[in-house]
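Read in order, the letters of the sequence shown are residues 182 to 371 in this note's numbering.
Subject to a maximum C-alpha distance of 27 Å in a straight line, what follows is the list of computed BS3-like cross-link-like pairs (lysine-lysine): (1) Lys225 with Lys360; (2) Lys262 with Lys202; (3) Lys354 with Lys202; (4) Lys251 with Lys225; (5) Lys300 with Lys221; (6) Lys360 with Lys186; (7) Lys360 with Lys221; (8) Lys360 with Lys341.
The set of hints was computed from the structure by calculation and includes no laboratory data.
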Amino acid sequence: MQTLKDRIQAEGEYLGNGILKVDGFVNHQVDAQLMDEAGKEFAKLFADIGATKILTAEISGIAPAVMAGKYMDMPVVYARKRKPVTMPDQVFLTLAPSHTKGRTVELIVSPEYLSGGEKVLIIDDFLASGATILGLVRLAELAGASVVGVGTLIEKGYSKGRAELEKLGFPVKSLACLKSIDYDEIVFCD
182 MQTLKDRIQA EGEYLGNGIL KVDGFVNHQV DAQLMDEAGK EFAKLFADIG ATKILTAEIS
242 GIAPAVMAGK YMDMPVVYAR KRKPVTMPDQ VFLTLAPSHT KGRTVELIVS PEYLSGGEKV
302 LIIDDFLASG ATILGLVRLA ELAGASVVGV GTLIEKGYSK GRAELEKLGF PVKSLACLKS
362 IDYDEIVFCD
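Can you build the whole structure from these sequences, using the hints too?
Here's what the structure looks like:
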C-alpha cells in the first residue's frame, strides 16, 4: 500500500535493535484515514477466505483490525494483555514474547467472543518474528476456531516470521514489507 510506505519513509524512525517507530500514525497517535484505507485493502486481500471473525492483539492491532472489520462486516476481538474483572474466570490464555516491551506478555480472550467453528482472520500492526501472531493462532486453536489468514500493516521481511506462519498453511499478507532498515535508509521489498 503506497500511502503506508510513504508515511513510513517520511515519518518512520529506526531506533536500533530492529525497532521501527511509527508512533505518529500507527501506535500511539492513530491516523484514522490511513487505517481506513488499510481496512479497505485488507478487505480486498481477504475477500474470499471465508473469515467470520477478526482477531488481533491489544493495543496496536486494534485500529487496522477494526477498519478491516468495518469493510468485511464482521466483529473484531482483541486479545487483552491483562484480565479485567469483567472477564469470566475461565479464559483462553497464552504467552508471547514482545520485542518492543522486552518481556513476555499474556494474551487473553474470553470464550464469550471466540468459539469453536469460527474462521479467524488475524490482523496486526507488525510481523517480525511472528511470536505475537503465533500466540493469537494458539488462542484461536484453544477456542476450537481455525485461522484462515494473517494480515499485517508492516512486515520486517528480513525476519523469520513469515516463514514460521506460512508453515501453518494459511495466506500471510502485508501492506508494507521492509527488506532492510537502518539509521540511514528504509528499503521496501519488491
